[in-house]
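Q: Each chain, letter by letter, is given below.
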Amino acid sequence: MHRLRALSGRRLVAAVLLAALLAVAVAVALLPFVWMLSASLRPRGDLIANPTSLVPGIWTWDNYRAIWEQIPFGRQLGNTALFAGSVAVISVTLDSMAGYALARFAFRGRTVVLVAVIAMLMLPPQVTLVPLYGVLVDLGWVNTYQGLIVPRAADAFGIFFMRQFFLALPRDLEDAGRVDGASELRIYGRVMLPLAWPALLTVGLFNLLNNWNDLLWPLVVTTQTDMRTLPAGLALFKGEHVSDYGLLMAGSVLALLPMLALFFVVQRRFIEGIATTGLK
Amino acid sequence: MFLAPAGVVLLLFVIWPMLNAAATSLTDARLIGGGDWVGLQNYRDLLDDDRFLGALQNTIVYALVTTPVSVALALALAVALNRAVPLRGVVRSAMFLPFVASLSITAIAWSFLLDAQVGAVISWLEALGLDTGNGLRDPRFALPAVMFVGVWRNVGFFMVMFIAGLQSIPKEIREAAVVDGAGAWRRFHTITLPLLSNTTMFVTVIAAIFSFQAFDQMYVMTGGGPFFRSETLVMLIYSRGFEDYDMGSATAISWVLVAIVMLISLLQLAYFRRREVRY
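As given, the protein sequences belong to chains U and E, one line each in that order.
For the first sequence, our numbering gives the first residue as 30, with consecutive numbering after it.
For the second sequence, our numbering gives the first residue as -18, with consecutive numbering after it.
Check before you lean on any hint, since a few could be wrong.
[Unchecked claim] Short derived list, chain U residues pointing at chain E, Cβ under 8 Å:
(1) 227
(2) 264
(3) 277
(4) 278
[Stated by the list, open to error] Estimated spans, in silico, between C-beta atoms of each pair:
(5) E/64 with U/297: 16 to 22 Å
(6) U/168 with E/175: 51 to 57 Å
(7) U/52 with E/19: 55 to 61 Å
To be clear, the hints were calculated from the coordinates, so they are not data collected in a lab.
Every residue gets a Cβ at the ideal spot worked out from N, C-alpha and C, and that includes glycine.
Based on the provided sequences and hints, a complete structural model is requested.
A: Structural data, given as structure tokens:
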């Protein structure tokens, strides 16, 4: 009897300890977001006078007003949405077509293509950065939207992911379509795509997120302030105006908001998407 | 026909530049297109290029620390969250949030948090009586700070992968062990860990590759400084290629990076394959 109580006492301590450790982990994970919000809502003087506190001593919306005038924030927000949005839509389309072809059609050189896709999957994207820039210079695409978007219009991860998904779908459905005399394009569009929407959504979300958040690529392709996306624009603004804390944090909050909102809406799907990637 | 559009994009913007990179690395091109053939000179130059060797060392230190730390933390969190914990969903989402946010933007917040003048974290550490030096600008702390932010960002992502792996372990095995009287640590060590090895392999490979590609937080927080103390290979590629316009050297470094990443992937695959568990 006595031993039993001691044991449950130890269990209790373990549970409290675990909860405390998890609370610390959550606090560290959220700290920059909380600080960002706080710093964006207080004047610079208040922050410098009292850096220890996370709660503003004086509250103000000024930073949120000023950011639109200090940098072309609206323009850069539009650039980010246009870049990430069109890449997501275009690459989902192209990736799913290619993935479908690799999963379903027997053609000469299929193995070669598949091996090439897997090799590209492992290749660090930075390797091609310098020569890719050369291609963009030759095309006259530096500082253009097509320069940002077109090179990202297909990616090895999306193709591979879609191939794996289509492989797992039963063939009976397409065969039924073929018997009915439907064209391959029609079978793909009317039969396969509607079945593939969970995979399409996963690939699309990953693409949207990656490109919305990307720093290196927009940094290389764009040199004009008006063509930058927000991650690049804010990072460069930080380099020039190191001490405009509130302003930068107001810009950061606004830049993060769309993706964080999207994450909360689709988090279940998103996390499941990652789980399936892990199992490939 | 279905393959053509994606094929053209990849051919033009991935494969062609890749081959081009191999060729450029053998020339002394200042901007792409020109350049005379110099053979392996760019690669030989790297051998006594202090900035390259420093960046290589930083990158290796970064990888050797962040990979095991983030994998271990992620595994611990996943195991903790795989049982009935209050607010489990909230904790999981909170841990995952850093991965969803743009690293270049959250890194701005971190660089302020670790700033010697306005940094909240620095002011807290000072209140505890710790020597914080010059904050992020201190040569001693620059690399540890960017490593910390790298771990901070990726842990939630790896955690989600581990949770998925844990949920694929049949419950019966665990229950049988409980009946047999195995303690929690013993269960983790002899059941969970071996059965999770496929996931662990995948996560470790990804974590290692991530760490060799790290760029954003160095660019934003330290610019590779002070005194190149936190410069990594990707930082150096960017700086050589797009600030010094030394394309030959930049592409040569790129290929060194490819070789390292490929080698690590293969080594890790080989290592884990020997220990792979099927059930």
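Q: If a hint holds in the structure, say so; if it does not, say that too.
A: Here's how the hints hold up against the structure:
no. : hint                         : verdict
1   : 227                          : violated, 15 Å
2   : 264                          : holds, 5 Å
3   : 277                          : holds, 6 Å
4   : 278                          : holds, 7 Å
5   : E/64 with U/297: 16 to 22 Å  : holds, 20 Å
6   : U/168 with E/175: 51 to 57 Å : holds, 52 Å
7   : U/52 with E/19: 55 to 61 Å   : holds, 58 Å
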